[in-house]
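Heads up: the protein sequence lines correspond to chains A and B, in order.
Residue numbers for the first sequence, in the working numbering: 80 to 581.
Residue numbers for the second sequence, in the working numbering: 80 to 581.
Do not take every clue at face value.
Same chains, same names: a pair is fine if it fits in one copy or spans any two.
[Claimed, not checked] Restricting the straight-line Cα-Cα distance to at most 25 Å, the calculated cross-link-like pairs of lysine to any residue (SDA-like) are:
| hint | residue 1 | residue 2 |
| --- | --- | --- |
| 1 | K316 | Q496 |
| 2 | K521 | D108 |
| 3 | K521 | R206 |
| 4 | K402 | A435 |
| 5 | K521 | R560 |
| 6 | K402 | L375 |
| 7 | K389 | S130 |
| 8 | K316 | D180 |
| 9 | K394 | H507 |
No lab work stands behind these hints: they were computed from the structure.
Letter by letter, the chains look like this.
There are 2 protein chains.
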Amino acid sequence: MTIEASNVLRAKRLGIDTHQEAVIYMRRDCHVCRAEGFSAQARIRVASGASFVIATVNLITGELLASGEAGLSEAAWRRLECEEGASLRVSHARPLDSLSDVRAKVYGRQFENSAISSIMRDIVEGRYSDIHLSSFITACAARGLNEREVIHLTRAMVAAGERLDWGTPLIVDKHCVGGLPGNRTTPIVVAIAAACGLTMPKTSSRAITSPAGTADTMETLAPVDLDLNAMRRVVEKEGGCIVWGGAVDLSPADDTLIRVERALDIDSEGQLVASVLSKKAAAGATHLVIDMPVGLTAKVRTDGDAVSLKTSLLKTAEALAVKTRVIQTDGRQPVGRGIGPSLEAQDVLKVLRRDAEAPEDLRRRAVALAGALLELSGVVAEGEGESAAAAVIADGRAWAKFQAICDAQGGMREPPQSAYQHPILADHGGLIEAIDNRRLAKAAKLAGAPDAKAAGLELHGFLGQRVETSEPLFTLHAETRGEIDYALEYLDSHPPIFEIEA
Amino acid sequence: MTIEASNVLRAKRLGIDTHQEAVIYMRRDCHVCRAEGFSAQARIRVASGASFVIATVNLITGELLASGEAGLSEAAWRRLECEEGASLRVSHARPLDSLSDVRAKVYGRQFENSAISSIMRDIVEGRYSDIHLSSFITACAARGLNEREVIHLTRAMVAAGERLDWGTPLIVDKHCVGGLPGNRTTPIVVAIAAACGLTMPKTSSRAITSPAGTADTMETLAPVDLDLNAMRRVVEKEGGCIVWGGAVDLSPADDTLIRVERALDIDSEGQLVASVLSKKAAAGATHLVIDMPVGLTAKVRTDGDAVSLKTSLLKTAEALAVKTRVIQTDGRQPVGRGIGPSLEAQDVLKVLRRDAEAPEDLRRRAVALAGALLELSGVVAEGEGESAAAAVIADGRAWAKFQAICDAQGGMREPPQSAYQHPILADHGGLIEAIDNRRLAKAAKLAGAPDAKAAGLELHGFLGQRVETSEPLFTLHAETRGEIDYALEYLDSHPPIFEIEA
Numbered sequence: 080m081t082i083e084a085s086n087v088l089r090a091k092r093l094g095i096d097t098h099q100e101a102v103i104y105m106r107r108d109c110h111v112c113r114a115e116g117f118s119a120q121a122r123i124r125v126a127s128g129a130s131f132v133i134a135t136v137n138l139i140t141g142e143l144l145a146s147g148e149a150g151l152s153e154a155a156w157r158r159l160e161c162e163e164g165a166s167l168r169v170s171h172a173r174p175l176d177s178l179s180d181v182r183a184k185v186y187g188r189q190f191e192n193s194a195i196s197s198i199m200r201d202i203v204e205g206r207y208s209d210i211h212l213s214s215f216i217t218a219c220a221a222r223g224l225n226e227r228e229v230i231h232l233t234r235a236m237v238a239a240g241e242r243l244d245w246g247t248p249l250i251v252d253k254h255c256v257g258g259l260p261g262n263r264t265t266p267i268v269v270a271i272a273a274a275c276g277l278t279m280p281k282t283s284s285r286a287i288t289s290p291a292g293t294a295d296t297m298e299t300l301a302p303v304d305l306d307l308n309a310m311r312r313v314v315e316k317e318g319g320c321i322v323w324g325g326a327v328d329l330s331p332a333d334d335t336l337i338r339v340e341r342a343l344d345i346d347s348e349g350q351l352v353a354s355v356l357s358k359k360a361a362a363g364a365t366h367l368v369i370d371m372p373v374g375l376t377a378k379v380r381t382d383g384d385a386v387s388l389k390t391s392l393l394k395t396a397e398a399l400a401v402k403t404r405v406i407q408t409d410g411r412q413p414v415g416r417g418i419g420p421s422l423e424a425q426d427v428l429k430v431l432r433r434d435a436e437a438p439e440d441l442r443r444r445a446v447a448l449a450g451a452l453l454e455l456s457g458v459v460a461e462g463e464g465e466s467a468a469a470a471v472i473a474d475g476r477a478w479a480k481f482q483a484i485c486d487a488q489g490g491m492r493e494p495p496q497s498a499y500q501h502p503i504l505a506d507h508g509g510l511i512e513a514i515d516n517r518r519l520a521k522a523a524k525l526a527g528a529p530d531a532k533a534a535g536l537e538l539h540g541f542l543g544q545r546v547e548t549s550e551p552l553f554t555l556h557a558e559t560r561g562e563i564d565y566a567l568e569y570l571d572s573h574p575p576i577f578e579i580e581a
Numbered sequence: 080m081t082i083e084a085s086n087v088l089r090a091k092r093l094g095i096d097t098h099q100e101a102v103i104y105m106r107r108d109c110h111v112c113r114a115e116g117f118s119a120q121a122r123i124r125v126a127s128g129a130s131f132v133i134a135t136v137n138l139i140t141g142e143l144l145a146s147g148e149a150g151l152s153e154a155a156w157r158r159l160e161c162e163e164g165a166s167l168r169v170s171h172a173r174p175l176d177s178l179s180d181v182r183a184k185v186y187g188r189q190f191e192n193s194a195i196s197s198i199m200r201d202i203v204e205g206r207y208s209d210i211h212l213s214s215f216i217t218a219c220a221a222r223g224l225n226e227r228e229v230i231h232l233t234r235a236m237v238a239a240g241e242r243l244d245w246g247t248p249l250i251v252d253k254h255c256v257g258g259l260p261g262n263r264t265t266p267i268v269v270a271i272a273a274a275c276g277l278t279m280p281k282t283s284s285r286a287i288t289s290p291a292g293t294a295d296t297m298e299t300l301a302p303v304d305l306d307l308n309a310m311r312r313v314v315e316k317e318g319g320c321i322v323w324g325g326a327v328d329l330s331p332a333d334d335t336l337i338r339v340e341r342a343l344d345i346d347s348e349g350q351l352v353a354s355v356l357s358k359k360a361a362a363g364a365t366h367l368v369i370d371m372p373v374g375l376t377a378k379v380r381t382d383g384d385a386v387s388l389k390t391s392l393l394k395t396a397e398a399l400a401v402k403t404r405v406i407q408t409d410g411r412q413p414v415g416r417g418i419g420p421s422l423e424a425q426d427v428l429k430v431l432r433r434d435a436e437a438p439e440d441l442r443r444r445a446v447a448l449a450g451a452l453l454e455l456s457g458v459v460a461e462g463e464g465e466s467a468a469a470a471v472i473a474d475g476r477a478w479a480k481f482q483a484i485c486d487a488q489g490g491m492r493e494p495p496q497s498a499y500q501h502p503i504l505a506d507h508g509g510l511i512e513a514i515d516n517r518r519l520a521k522a523a524k525l526a527g528a529p530d531a532k533a534a535g536l537e538l539h540g541f542l543g544q545r546v547e548t549s550e551p552l553f554t555l556h557a558e559t560r561g562e563i564d565y566a567l568e569y570l571d572s573h574p575p576i577f578e579i580e581a
């Protein structure tokens with residue numbers, strides 16, 4: 080049979096961005112489609128050179144493709160590192176055997192370790208469609224993962240991607256169990272840790288559902304889009320860095336799973352633990368501090384949830400030999416004043432520069448986390464971490480180290496200022512009793528954050544503070560007048576973000 | 080704000096077939112994308128005239144679209160009944176509130192009836208992405224559905240689509256809980272029932288994973304692609320019809336869910352019951368006979384599964400006021416000799432024409448099912464159904480009625496003959512002890528069924544039969560030599576389909 084030989088098509092870039100989904104566009108009358116029986120939505124293997132991708136078939140009836148051509152979505156084009164006219168070899172994908180393990184979990188069986196490994200490998204190779212991914216996530220949430228399963232899931236996620244080796248036995252890291260706007264302690268913690276001689280090669284994410292990720296904020300101060308070699312040079316020179324993690328292929332299964340979890344708004348404890356710790360273990364961390372804000376509108380809502388999550392994090396971290404401390408913090412309101420990349424960067428700068436107006440809550444939280452890292456890694460004795468960390472800010476060493484890191488990353492810059500501002504006033508006086516973190520984040524996003532770097536909002540009112548009628552609670556910042564209107568429309572049509580007891 | 084007014088784009092047909100998925104292609108620099116913050120994979124509302132669809136955004140960077148244009152996938156184009164250059168109004172989709180009910184099921188809560196209704200409505204309106212659909216299916220399978228939930232799910236699936244009214248109090252129907260190749264009793268049962276004065280407006284499906292659906296088989300004998308009005312005319316004239324159900328919008332939620340269940344290979348009992356009975360209730364059935372083949376390679380594998388499924392089917396049918404009888408049948412081997420549209424049609428014709436070579440197992444099964452319908456609907460007394468049904472075949476009334484139905488559907492025709500045949504021989508002599516239905520169906524599909532109408536296979540060996548070495552077990556039929564090779568390649572690389580005890 081000569082089917083293999085005839086299964087070659089010429090690549091054409093159609094310029095269609097399907098986000099992460101690999102799509103191959105084939106003429107309906109294409110000989111390969113007919114011979115192989117490929118139909119629309121079939122998932123097939125597409126190879127170019129030594130690379131392959133599992134892609135969804137879309138069939139073309141019009142004139143988009145010439146005979147013998149196949150189009151690729153941008154995601155497929157990137158993964159195949161394709162060139163115009165390159166030969167694409169298409170074939171049936173091998174059967175998805177690991178799906179039977181997902182079905183077994185649906186019906187209540189525990190995963191064997193080998194099943195978890197197979198599933199993670201198939202996910203990383205792009206063999207799971209959204210339907211399969213969603214079933215895996217849902218089955219794990221519905222049936223739960225026991226301690227062994229969570230530990231092995233974490234290990235399998237690490238094994239399915241790159242793992243960094245820094246050539247030194249002690250690598251510190253921090254993580255925040257998300258959900259609290261403005262909680263931008265990372266640049267400060269890295270500066271303190273590196274100033275104390277620790278190695279802290281910090282990779283951070285860009286915002287996905289929030290108004291700013293650490294990478295977005297840091298980008299207003301210095302380049303963050305460094306590849307692994309550039310990152311290594313910064314860390315060798317300064318002991319620390321704060322770069323975007325996207326250029327480094329750590330726990331790629333996690334990125335895929337997170338996208339689906341977000342669409343479902345399902346966040347099972349086992350998946351969360353594996354997600355956090357697989358990223359850290361893959362990044363080479365040996366000592367880790369986790370900030371866990373608890374509050375009704377934070378990710379972790381109750382003390383009970385916090386205890387359970389903390390236990391699972393610590394057990395799994397121990398199994399992966401990552402020495403970890405979890406610090407429960409106040410998650411009832413944002414940290415600092417700014418929400419949005421540039422506005423948060425200004426808070427960070429004020430703390431590092433010891434500005435008289437520096438937000439004290441941000442400074443204290445960064446000191447608590449950095450102090451814990453200093454204790455955990457044996458730089459100072461137990462109980463002396465916070466004062467040591469505070470001293471590093473107070474004597475200017477943290478600020479000097481931060482500037483040096485920014486320079487090493489490509490040069491420090493000042494965060495941009497917004498073009499438009501609009502204050503939101505209290506409609507009655509009284510005591511601020513609650514602040515809705517989620518709606519506050521939503522308003523900042525509608526104002527343009529994080530894409531518009533200077534956009535977001537600046538808080539003036541905090542919990543326990545007394546305000547008068549028409550006193551500003553926060554100020555919207557935007558690059559365009561239209562985005563201010565967009566945020567105002569949202570605020571007008573939703574319950575107030577601040578609860579003020581008259 | 081004038082955002083609404085500016086959210087209009089001109090429709091362009093790109094000729095991209097994404098199967099059922101509605102996709103809107105928008106230029107990345109499109110003003111609407113920027114103003115609304117639409118990104119690739121966002122799901123947005125696209126309206127044209129009085130129709131709307133929830134579509135996935137793909138962003139275009141090249142020259143496929145002019146400024147102010149938006150492309151639509153074929154599925155979106157059809158649902159909007161669009162014309163080239165028509166105005167498309169795009170906006171954010173309303174929040175998917177029913178997803179919180181799916182999450183509650185994930186975490187073990189029962190569905191309220193209102194939650195099931197909301198979920199079905201959202202599914203039918205296309206608001207659920209594959210990720211959401213898969214989570215719903217998986218959660219139902221993992222947590223199960225109790226009797227009340229299954230009954231309400233069935234009702235909600237009926238309510239979310241059309242419901243046919245035939246203006247007569249007694250409508251009979253039949254269903255087979257799938258999985259058995261060649262089990263093509265429907266045309267015979269309809270002919271008998273209609274010949275006995277019953278009303279049997281039968282809608283059937285095309286093959287999805289099998290080598291032939293009833294609609295595929297029937298299409299080799301008469302047109303089946305009738306709309307509701309044409310179907311009504313046939314039924315008024317002849318008392319029965321056998322048409323493709325796709326042109327009638329019955330239980331559209333079921334079609335969507337079945338696609339996802341198939342991708343997951345998950346078939347929970349509750350979903351199966353709701354699927355079968357929602358289609359039948361929506362079609363207006365009042366009396367229903369269900370054929371349930373049981374066998375190791377059929378859909379229902381054990382007697383225990385059969386009892387549980389039968390109980391749930393009967394309870395739910397009672398709640399929906401559909402008088403139902405479930406008949407457990409032998410599912411250990413195919414029924415009749417042919418597998419594939421045309422080959423199965425030839426078996427049907429032989430039975431109706433009382434041909435000496437008519438497959439007796441197909442005749443007996445059709446008689447059993449038709450007899451049950453005659454008893455259930457009171458045409459004959461209990462215990463007299465089978466003999467009455469057999470008499471209708473024997474005296475030629477069934478054959479006359481079948482020809483009349485075919486004529487009313489647009490004219491009877493002879494099924495096509497295949498161009499290529501290839502016999503598969505026993506490699507040793509002995510007693511046939513088992514036949515793998517699933518692999519047999521796979522071979523028929525590789526030979527070209529159901530798209531190639533004459534393709535498939537013809538059985539010569541049956542359970543309990545003694546064969547000699549090199550005696551033919553079955554013959555492959557195909558339209559091209561290549562498809563014969565394709566099927567042979569599969570047979571060569573897999574365990575034998577026939578177990579022959581030497």
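Quick rundown of the hints versus the structure:
| no. | hint | in the structure |
| --- | --- | --- |
| 1 | K316 <-> Q496 | neither (31 Å within a copy, 78 Å between copies) |
| 2 | K521 <-> D108 | between (47 Å within a copy, 24 Å between copies) |
| 3 | K521 <-> R206 | between (34 Å within a copy, 22 Å between copies) |
| 4 | K402 <-> A435 | neither (36 Å within a copy, 81 Å between copies) |
| 5 | K521 <-> R560 | within (17 Å within a copy, 62 Å between copies) |
| 6 | K402 <-> L375 | neither (29 Å within a copy, 52 Å between copies) |
| 7 | K389 <-> S130 | neither (40 Å within a copy, 50 Å between copies) |
| 8 | K316 <-> D180 | neither (47 Å within a copy, 53 Å between copies) |
| 9 | K394 <-> H507 | neither (48 Å within a copy, 59 Å between copies) |
Hint compliance for this structure: hints 1, 4, 6, 7, 8 and 9 are not met, and every other hint is.
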